[in-house]
Structures are given as structure tokens and as C-alpha cells.
Amino acid sequence: MSQSSLSFALPSPVRYGPRLGTITLRRGADTASSIIIATPGLLASTSRGAVPHLSRDHVRITDALRWVNVPFETFLEQTPPIPILHAQHPSNASNPHPLHTFLGFDESRHLLSISAREPTDTREMPPNGNALVCVHSLRGVRKLAPAEWAAYARIAQPDVVLALSDTPCTDAPYSQKRLTKSVERSAAWLATLLRPGPIPMPLPIPKKLKAQPVAAAAPAQPAVALPPTPPVFVHLAGLTSLPARKAFAASLLEPLYGPHITALAPLKTLDEGVAGYTIDLAPLKAALSALPDTPSPSAAAVSPSEDPEAHIAALLRASLTALPPSKPRLVTGTTSPHEVLRLIATVGADVFDARWAQRAADVGVALDFAFPVRGERTPREIGHNLYDVRYRLDFGCFSDALPAPHTTATAPEAGTPTCPCAACAPRPPPARLYHGHDAPSVSGEPEKDPARVLPAYTRAYVHHLLHTHEMSAHALLAAHNLAVLDAFFAGVRGVLSASAAGVEGGPVEDAGLFAKEVRAFEEAYDPRMGVLVEAEAAWRAVDTARGKGRLSRETGAGEGEGVAPADAA
Amino acid sequence: MRFEVIAKCHTTKARVARMTLAHGVTMLPTFMPVATQAAIKGLTSNQMEALGVTLILNNTYHLNLRPGLEVLSKAGGAHKFQGWDRNLLTDSGGFQLVSLSKFTVITEEGALFASPFTGEPTMLTPEESISIQHIIGADIIMQLDDVVSSLTTGSRVEEAMERSVRWLDRCIVQHESSGKKDNQNLFAIVQGGLDPSLRDRCLDAMIARRDGVAGYAIGGLSGGEEKDVFWRVIKQCADKLPEDRPRYSMGIGFAEDLLVCVALGVDMADCVFPTRTARFGVALTNDGPLNLKLSKHAKEFKPIDESCPCPTCSDMTSRAILHHLVTHETAGAHALTLHNVVFQAQVMGRAREAIIAGTFPDYLLSFFARYYGDAGYPEWCVNALRSVGVDLLEGSPNAKIVAGSGTKWEYASANP
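Here the protein sequences line up with chains X and E, keeping their order.
Quick note on the UniProt record's numbering: the first sequence kicks off at 1 and runs consecutively.
Quick note on the UniProt record's numbering: the second sequence kicks off at 1 and runs consecutively.
The set of hints was computed from the structure by calculation and includes no laboratory data.
Remember, predicted model here, so these are calculated numbers, not experimental data.
Don't be surprised by glycine CBs; every beta carbon is placed ideally from N, CA and C.
Be a bit skeptical, because a hint or two may be false.
Claimed, not checked - Chain E regions said to be covered by chain X (calculated; three or more residues, Cβ under 8 Å): (1) 22-30; (2) 38-44; (3) 48-55; (4) 63-73; (5) 307-315; (6) 321-332; (7) 350-358.
Use the sequences and the hints to build the structure in full.
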């Protein structure tokens, strides 16, 4: 079984500033078949194991999809989870990437990570236990033990596993005692995940399930040799407390003691076993908003209410103060490109989840922004709420900042990057299907040239699809928004490398040029993200109004989209 | 339109034809997936083309409401609007007036209905229906017909049939005078309910107008009538319709219906069934439909059909992950929609190959044997195919036969 290896190259290991790096996932000995992710870059979210709205053929042609994270909790509806049964199925005995196979990701192109929970889900949950995390599945709350998680990671063999973290999702704010417990548990659960060697089997599962006949593929041996644990990323615990964050970082770095020394050998510290760090912003923001609104006495330079972003940056830097700067930092729960830029500038984060951009596709927003800002710098929104009636007759492509290569409206200026997505740059399939006596030899029609770019799908078309509640709208938007965000990160890297090249002998990254472009971006694009709020309301309106009699209801409410009545022939 | 019959079955009435329209060639017989509102549910036009589909259907009634004609005409027609440069067919809107609007009153002038926007009385005339379809720009357009439910009896059926013939005349006049004849082709719709004599009169009248029409549809069926009556009407129409015009059976989508219709001489059919049932978690296969919502598929790691060339099956998407996704994630619906569209295309493509190879009767026998297995053949299929010289019971005289529609469905209790 060929083992993959993950590495992160950071030519200049800046601790708190903009960093240019490269994550390389090497498959086996063949260096040519490596997945290379330039950072700052994006991570795509999935729901129930699928990139929302994208069929597998669309996943394959969406180049922005390189790192895909799968929250495993939806599979915990059943014990053992189906991906685990699949990985243990005899047909996968020699499959080094069973989870890729099961979920339809391409092991030569997709870095697949798993997390126990959807990291942006902050719904209230029952409290975690000392050795149990509460997770959310379609059939309600399930409990997941750290040993189970370790076994699942080693059986399913994702490329990266996010360690369990004790992130409280109960009634905030959290006491100091609760945060102390969170830090201790998170470190202990990380140790469980890092422990090599056999894992006791069967796993501790609820009694009710044990009584049932053993599931077909579950091995019944007391301990089985499993493949090694995939590279581990650990969440920087401690939430809103600076001391708790520092304590967690310290617990990663302190020499192992007691039984851990032998159990985790050859590791000397937990941090040695960690490939990268994750920062979940959603629970952090939720906990911050629940804090009493008083100037923070706990050494933070700014209080949360004065400047929440600076406060968050201070908290994150507290976690990173002592940790080695050479490991990748993955951030989930960002909500705007502005926030992403500031985290790059002030914290030095490397990979960001695309969930907000994917959510924008859910609610009908076509993203339209670029970094660095090009052309006019009049303030504008970061995208288009395509529900809006102004797009009814707009036959342009989705994005002006990242135009389609072939539009019916205007040709993009030479040299401007164009949008490569399935909506903006549709191409004839490399091989279309034939079904019987319809091949070119029979029909007399030659195959289309797959290199030819076809006209882009238009705003007017998606406007129509949204109002008629057609799912195709979201497929087109999901592919597009990922591409826009991917191009945004390419632009960020471009500015960072230009500034690095421009300063000879000085600090490798010239924060000046990047900071200037960030300011320009913040002036050009409205940071309030009102377009998402507007679109969400329109999406809800269509979603609730649909059904018989919808047209008249909408007209009555004065919210008709103004199309000609049926009799206008 | 160029319509060339290139092969005929030696036993049944099935035939293979090459139909050349303004947006390319479609080989017949074919199944047309339905893109009611200018999109096959969840898919893009580009994906449809990759699936090997060359002819899809849009609904005039829906497109006229949304996005409306102003948008369609400024977009340069429905093809450009939806990014589809293959062939397109639009219905006339008559069927939806009846099925979707409770207040439709049919007068000689046209169909009077309550506008879904304002509730005001609105008239759709045959001329208007044709003009709307001219703006939409489909390669095949349908006459406005007076649709009555196939369960209607009495004089209303006769009236509707006769009015459909008169409306055909008005549609022909409108179409002839439009200057669109080179790119758009008008199809007549044979009506007459379930009454053979009315159907016969309608056929005579419409065949007499053959110079004004490019093809014929068989309408007024698939409305809950007995299957044994259904096939007889199809046969009666297909037998009488001219050889040199395509025959389109409206609203047919179950595999058994498609193959019986092909055997009776039908060239085209459409139905929302394969794409709709996909959204509810049902995959169509040569062994009958698979209901992937059922928990018995939760641990099945094989694909829907290993031999299916669709993107879902060729990627080995397991039944287990589909069970996990369907009705929860749109991606699950997309996966099954891709599969079902290809399944329909395969059923028809294999029919074309068999007709060319002279093995169509064998194809029918093997398809039905596998599709129904032990469940038993629907009696109406046996009767219909016997009428064109194929005996499903040949070689197995004791095979089980079931009455009723015989539509195959997978239930939770079956094959535990």
C-alpha cells in the first residue's frame, strides 16, 4: 500500500504576517503525481460528503477544488459508518484511498480531509464528555469517542484528519473552568489520535448496537493492525481566553510524560505529530458575541466590541506565539474576502474555507470580485444577487472582474484573467456518449472540438432559473463562486510574490505593497456583504412561495419580477 | 426538416430514421427529456449534450410566463437563452392550460383562462400559440389542440377532436405566413380520445393536411386510461399516419411503454418521469426501477448498473452513497438524473441498433424478460406486441402474466 506524504514549504516562515507557501501531497514514490496547493489558498466544504450542487462530472472540471473537507458527522447516523464499511469491504483490500473512491474524489487531484463536525455549525448541542464528542447527524445527536475517531481516520485513510477538539456548543459564555477542561480534553484527544499501533476492536460502541449481530464487514478481532494515522491537523483550542489559548499551545509543545512517552513514541511532544493547525472562527465568534460587553481585562489589547477582528487576531496570535511558524494554518468560518485578507495580513493564515462563497451560490449570488482591484475603484458589492429584477435582461456573464472567455455581450480585454468555471467557460465534452446508431458515421455530424469555449451562461438565464426554483442555477453558481474565490487567492499570491521579488535584501515579503492592495480592495468592495443578505431574503421568498398559485401571490405582494403577463404575445 | 427512414424492422412496425433539423441530426426512435423551464432539472445544457442527447423539450406555457417573451426574444431565442445548440421541441401550451388552470374555458376563438399573474381572463389562440413558439424558436413546434382528459367521454371528445382539426388549419396559416418555415417545423396532434372512430376521422382530416405539417403527434393519451386501450389507439394512429413523417407519442416515458410504442411504429416520445423520479431517489435500470431511498441499498457498494455508460455509473458511484445523498443533497438528484436520462437514451439506442441489425424482436424478448423477471409480463404488453408479430411468451408459454398497467416499482418489502 503506497503511503502519501504531506509537506508544507514556506520559503520565509513569517509568524504573523502574509505567507506564501506550498502544500505538497505526494502519492507514493512518483513525484509527478503530486497534488500541489499554493497558499494562501482555499478549502472547499462538503455536505453529506458531496460538494453542494456539483455532480461528479462538474467536480472533475472545477479546478478550484483541490482541498476538500468532509465533515464526517453525517455518516455517524449508522454504526459502523458507511464509509468505514466501504473501506473494509473486500473489494477495497488494496485500495489506498477508499474514501476518495466512495465519495467520488480523484486521488490524483483532490486532497481530502475529514473533520468530525461541520466546523461552522454552532447550533447548541448537549455537552461533550471527557471521552465523547457530541456530533450532529440527520437522525439527531450522536456521540463519538476519540478512539473511534482514530480508528475511522486510519481505516478511511483521508489525506488529512482534523483531530477532535472539545469545542463547547452549549450555552455561552463559557467559564474559565469550562475552557480549562476544553484545553485539557483537546490535548488528550489529540494524543489518542496520534497513538500508533493496534486499536482495540471492536470499538466501544453503545450497548444497544452491540446486542445486534456483528455487522458483516466489521472485524471481530480484539485488536487489528491498521494503516498509520494520516497527517493530523489540530484545532487551536482555548476559544475566547488568551491564557487558555496559550496553555493549549504549551500543551502541544511540552515534553510528553508518563504513559504517553511510550504510547506515542517516537514523538517527544504532541506538536511533533501535528502537520498543521486549524482555527474554527464560527464557534469563536459565537462565544465572543456572548461575552459580557465590558473592556476585556484579560490582557487583550482591544475589547471584542471595539474591533472584533483585531480582537480575534490577538487571540489567534496568542495561540501561535510559541508554535513553530513552519506549519500550515487552516481557517474555517470566514465570511468575506475582507476578513480573509486581514487574516492573511495580521495572523498569517494559509488555507481558508470557501463555505461563505459556496453559501452565496445557495442563495443565488454570483461572486464578482478580484484581487488586486482592477479598473475603476467605485464602491461596489462583491457579487450579484441574481434574483434582482435588474438582471432580467442582462445577457452578460456572471462576473465583470473575472469575465468569461466567450460572452455574447462584451469581449474581455486582452490579458485579463478569465473565469474557467463550468458556467463561464463551458466546453464540449471530450467524449460525448453515443447510444446506438447515432455515431458521427451515421449522423454525418463531426464531434465538437473540446478545446472550443462555448458562450457563457448568462445572468438573465440564472435569474430565470432562480425564480423558477430550478436547481441548475445553483450548480452553475457553485462552480463559478469557487472559481472566483480561487482566482482571488491566485491574485493574493501574485501580489505577495511581486512584493517579495521587489524588495532586494530587505524583508522577503514587503508588507507595504500587499497592505496597499488590501486597502484598495476594502475601498472598492463593500465589506458589509449586503448582497448576501438581500439574496438570502429573495431565496427564502421563492422557496416559501413556490407551488400552485405562486405567480398571483407574488404579483399581489408587489414582488413580481415584472415579466410580461401570459397574454403578451 | 429532412426525415429519412433508413431501416425497418422485418416483423414489427419499428423503424430507424434520421431527422435533420436546424440544430443538427437526431436519430429516431428517440426519447426527449423534458426541460420544462429551460433546464433539465439540476443539469446544464452542456451536460445534456455530453450525455448524447440531441433533442429536448421546453414547455411553451411555462416559458411564456417566465422568463417571458421579451427576455426570450432579446436573448435570441430559447436555444441561446439556455445555451443549447441541439434540437429543441416546444409544446403548444394547450395541455398545461387544462392541467394547471382550473378556470380554462375553450371557445372556438381559443382557450380562455385566468392569467396566473393577475387572475384576469386571458385568451390563447392557435395563432398566438404559434407566434409564441416562433419567438421561442424551437426546431419543432406543436399546434394548439383542444385537450380533454383521456377519461372524458361523450360529445365533448368529438367536439375537441373537430376543433383541434380547425385549429390546426389556423396554426398552419399562421406558420406559413411567418417566414419561419425553413427553421421551424409544425407538428399536428391527433386527438379523438379513446374512440377508434373519432381517431379515424381525426387521422383522415389531419393526413389530408399533410402538406402543411412536418410530423404528427398522438395526443390525448397518458391520462390514466387503461393500458390495453392506450396501445390500441397508438397502433391505430401509427398504422395510418404517413410513412414519411415522424410520429411522436406525447407523455410516454416508462421503458415498457417506449418499447411497445416503438414496435408499433412511434419515433419520438417525451415524459418528465425519468427526471422527476430521479429527484425522488429512483434509478431506472434494465432490471426495473431501483428505489435508492430504501434502507436495503444503504450498504450496497456496487453502482446502479456496472454496464451503464452514464457519468454516475462509469464513476462507480455506489448505491450506498446515493442512498446517503438522495433527497438530502441536490448532488444526489443530479447523479440520478444523469443516470436516468442515459438509461432512456440507451433503451432507445439499443432499439435503433436492433432494428438496423434485424434483431428488434429478440431485443424486445430479452428486454422484457430481464425487466419483468419473475414479476410477470403485463398483459397489455403481451397483447400489443402480439399485434405486431412478437410473442413475449414464445418459448415460455407458462410465463406469468399480470393484469393492469404492470408498471414496475421497487417496494421496501420486495427482495429483502
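So, going through the hints one by one against the coordinates:
1. 22-30: holds (count 3)
2. 38-44: holds (count 7)
3. 48-55: holds (count 5)
4. 63-73: holds (count 8)
5. 307-315: Since three or more residues must qualify, the claim that chain X covers the stretch 307-315 of chain E holds, with 5 doing so at under 8 Å.
6. 321-332: Per the Cβ count (8), the hint holds.
7. 350-358: holds (count 5)
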